[in-house]
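Chemist: Work out the full structure: start from the sequences and follow the hints.
Those letters in the sequence shown? Residues 1 to 227, by my numbering.
Read the hints as simulated data drawn from the structure, not as lab findings.
Straight-line Cα separation of at most 20 Å, EDC-like style, residue types lysine to aspartate or glutamate; simulated pairs:
no., residue 1, residue 2
1, Lys-170, Glu-135
2, Lys-194, Asp-106
3, Lys-201, Glu-27
4, Lys-204, Glu-27
5, Lys-204, Asp-17
6, Lys-204, Glu-19
7, Lys-194, Asp-143
8, Lys-141, Asp-131
9, Lys-218, Glu-27
10, Lys-201, Asp-213
11, Lys-170, Asp-131
12, Lys-204, Asp-13
These numbers come from a predicted model, not from an experiment.
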Amino acid sequence: MASFNIHQCLGMDDERDPERTARVIAELNAHLVGLQEVHSTFIESPQLNTLTQTTGLHVIPGPTMHRSDGHYGNVLLTAYSPLSVRPIDLSFPGREPRGAIDAGLDIQGRSVRVIVTHLGLNVRERQFQVDRLSESLVSQKYDLLVLMGDFNEWFPFRRQLLLLNRLLGKISTRPTYPSRYPILALDRIWVRPKQALQAIKIHKSPLARIASDHLPLKARIAIVPPA
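Modeler: As structure tokens, then:
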């Protein structure tokens, strides 16, 4: 699986290139990909259509803003047919609308819940959003939970990260921003139970370093079939 803020397909060379973005996603070779900063033009692009036809991935949009030229927000690409999909509204008064995709999947007979999000730039805003997410995390039963996205937080002792670590287990972080010389761990993937998370790494291909201002974050998980 992977999480990738695609920056509306705008690369570090100031070129908006949906084909290049789709090629980076293809490089990930992941069955679950959470995307942030996705404009609807990319969802409708020939490049993404070709990618999904080739890989069999389903596209689950989670728009948070509607503009005159289309909508904008999060997307979940999944090789597994969704059993349920619902939005979580994380909008904070006076700030840009934010949200999360909350999808239920059946993977090898296990119930898997995947949440894809992109938190805000303000500390109080992020705390409000993490509190909302935390309420949601304890409300349902599932065999495996994945929470991934751009959390816009690099300070490891900030209250919101400590809360998520307490609920989901402390995770190893990797710097993903800025893509050419990453120093800040803005993107994260939590998995519960924690032992299902086998490895986590940054995708650092030459194409990924220029396609967006974030590098993709990849994780490998183990899903044990039911006895």
